[in-house]
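Between the sequences and the hints, there should be enough to build the whole structure, so can you do that?
Each residue of the sequence shown is one higher than the one before, counting from 577 in our numbering.
Read the hints as simulated data drawn from the structure, not as lab findings.
If you're wondering where the values come from, they're calculated on a predicted model, not measured in any experiment.
All residues carry an ideal CB built from backbone N, CA and C; glycine is no exception.
Wrong hints could be hidden among the right ones.
Claimed, not checked - SDA-like, lysine to any residue: derived pairs with alpha carbons at most 25 Å apart:
| # | residue 1 | residue 2 |
| --- | --- | --- |
| 1 | Lys726 | Ala696 |
| 2 | Lys726 | Arg658 |
| 3 | Lys835 | Asp777 |
| 4 | Lys835 | Ala784 |
| 5 | Lys726 | Ser648 |
| 6 | Lys849 | Glu827 |
| 7 | Lys849 | Arg864 |
| 8 | Lys835 | Gly822 |
| 9 | Lys835 | Lys849 |
| 10 | Lys726 | Asp779 |
| 11 | Lys849 | Val787 |
| 12 | Lys726 | Glu780 |
| 13 | Lys726 | Glu761 |
| 14 | Lys726 | Gln657 |
| 15 | Lys835 | Glu769 |
| 16 | Lys726 | Ser776 |
| 17 | Lys849 | Arg811 |
| 18 | Lys840 | Ile766 |
| 19 | Lys726 | Ala826 |
| 20 | Lys726 | Gly682 |
| 21 | Lys726 | Asp715 |
| 22 | Lys835 | Ile778 |
As the list claims (entries may be wrong) - Quick list of the computed label-pair ranges, beta carbon to beta carbon:
| # | residue 1 | residue 2 | range |
| --- | --- | --- | --- |
| 23 | Gln730 | Arg844 | 17 to 23 Å |
| 24 | Ala733 | Gly641 | 22 to 28 Å |
| 25 | Arg864 | Ala696 | 35 to 41 Å |
| 26 | Thr625 | Ala696 | 14 to 20 Å |
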Amino acid sequence: MSTDEMPRPRTRDGVLRPRDGDALRAELRHIADASGVPVVFGGEVDSHTLCLSHFHGTRTRGLDGLVIPSRSGLGGRVLDQRRPAAVSDYRASMYITHDYDQPVLGEGLQSILAVPVVVAGASRAVMYAAIRERGPMGDRVADSMIRASKRLAQEIAVRDEVDRRLRLMDSVSAHPAAPSTSATETLREIHAELRTLSGSDIDETVAARLVELSDRIAGSLRGPDVESDVTLSARETDVLAQIALGCTNAEAAARLSLKPETVKSYLRSIMSKTGTRTRHESVVAARRLGLLP
Numbered sequence: 577m578s579t580d581e582m583p584r585p586r587t588r589d590g591v592l593r594p595r596d597g598d599a600l601r602a603e604l605r606h607i608a609d610a611s612g613v614p615v616v617f618g619g620e621v622d623s624h625t626l627c628l629s630h631f632h633g634t635r636t637r638g639l640d641g642l643v644i645p646s647r648s649g650l651g652g653r654v655l656d657q658r659r660p661a662a663v664s665d666y667r668a669s670m671y672i673t674h675d676y677d678q679p680v681l682g683e684g685l686q687s688i689l690a691v692p693v694v695v696a697g698a699s700r701a702v703m704y705a706a707i708r709e710r711g712p713m714g715d716r717v718a719d720s721m722i723r724a725s726k727r728l729a730q731e732i733a734v735r736d737e738v739d740r741r742l743r744l745m746d747s748v749s750a751h752p753a754a755p756s757t758s759a760t761e762t763l764r765e766i767h768a769e770l771r772t773l774s775g776s777d778i779d780e781t782v783a784a785r786l787v788e789l790s791d792r793i794a795g796s797l798r799g800p801d802v803e804s805d806v807t808l809s810a811r812e813t814d815v816l817a818q819i820a821l822g823c824t825n826a827e828a829a830a831r832l833s834l835k836p837e838t839v840k841s842y843l844r845s846i847m848s849k850t851g852t853r854t855r856h857e858s859v860v861a862a863r864r865l866g867l868l869p
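Structure (structure tokens):
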């Protein structure tokens, strides 16, 4: 059973942030498949309040839409303390408040593990695994839950960073006709960081959004009459963006999780395409052509 009628996230300049709830639901399904635990559920946190919204293996709708304030029940305790917690006999547990006995016991749940998804020191979601017998669930379930919470936390952190960078980009480019030197350098740093994030192990939709945002930044500083047939591959742009910040080949390789020899190979290709002979000339040419901000 699952409830997915959540509102779509806001659109910012036509760019849609994927729903964090979709990523949460995917991780819950992964936990169920990987661990074999019969019941998993969870929800997102807003204003220190957890709302249960995604379920797998439940038999009733008693937990559906349940709102759990901080410190209430097992989930509220986990939300507040920002660390996993479990009860092996829910009905008899003195470890938690029993504000939600009716829906929990009505579902027949007796042993429950709850794990928070913590981003920048705040709980953003809580995931549960449960069985209908008393006793601990074992390391396999716990390990699967912890790994899932870390993956989801990383995904949400990347999405938050994209939003933050987009807000900053909008702020510093409020007067594009005559950007200041500091604003231009800020945009270039944002561009390079977005390119780095887009090549990391993240959701494909988020990666595509990062590339789109980095292209917008490059376009915001492009001259009005620039036209060129020169194009760079995504990885060539990633490499040159790092070089433009003053990184050495080794530093660019480390940031992009590449080998230094691979960075050199990309630079040779860039120089060939732009008709340049040095790294500096390549950066200047790419900026002139609107390929870099």
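Hints violated by the structure (numbers, ascending): Violated hints (numbers, rising): 13, 19, 20, 23; every other hint is consistent with the structure.
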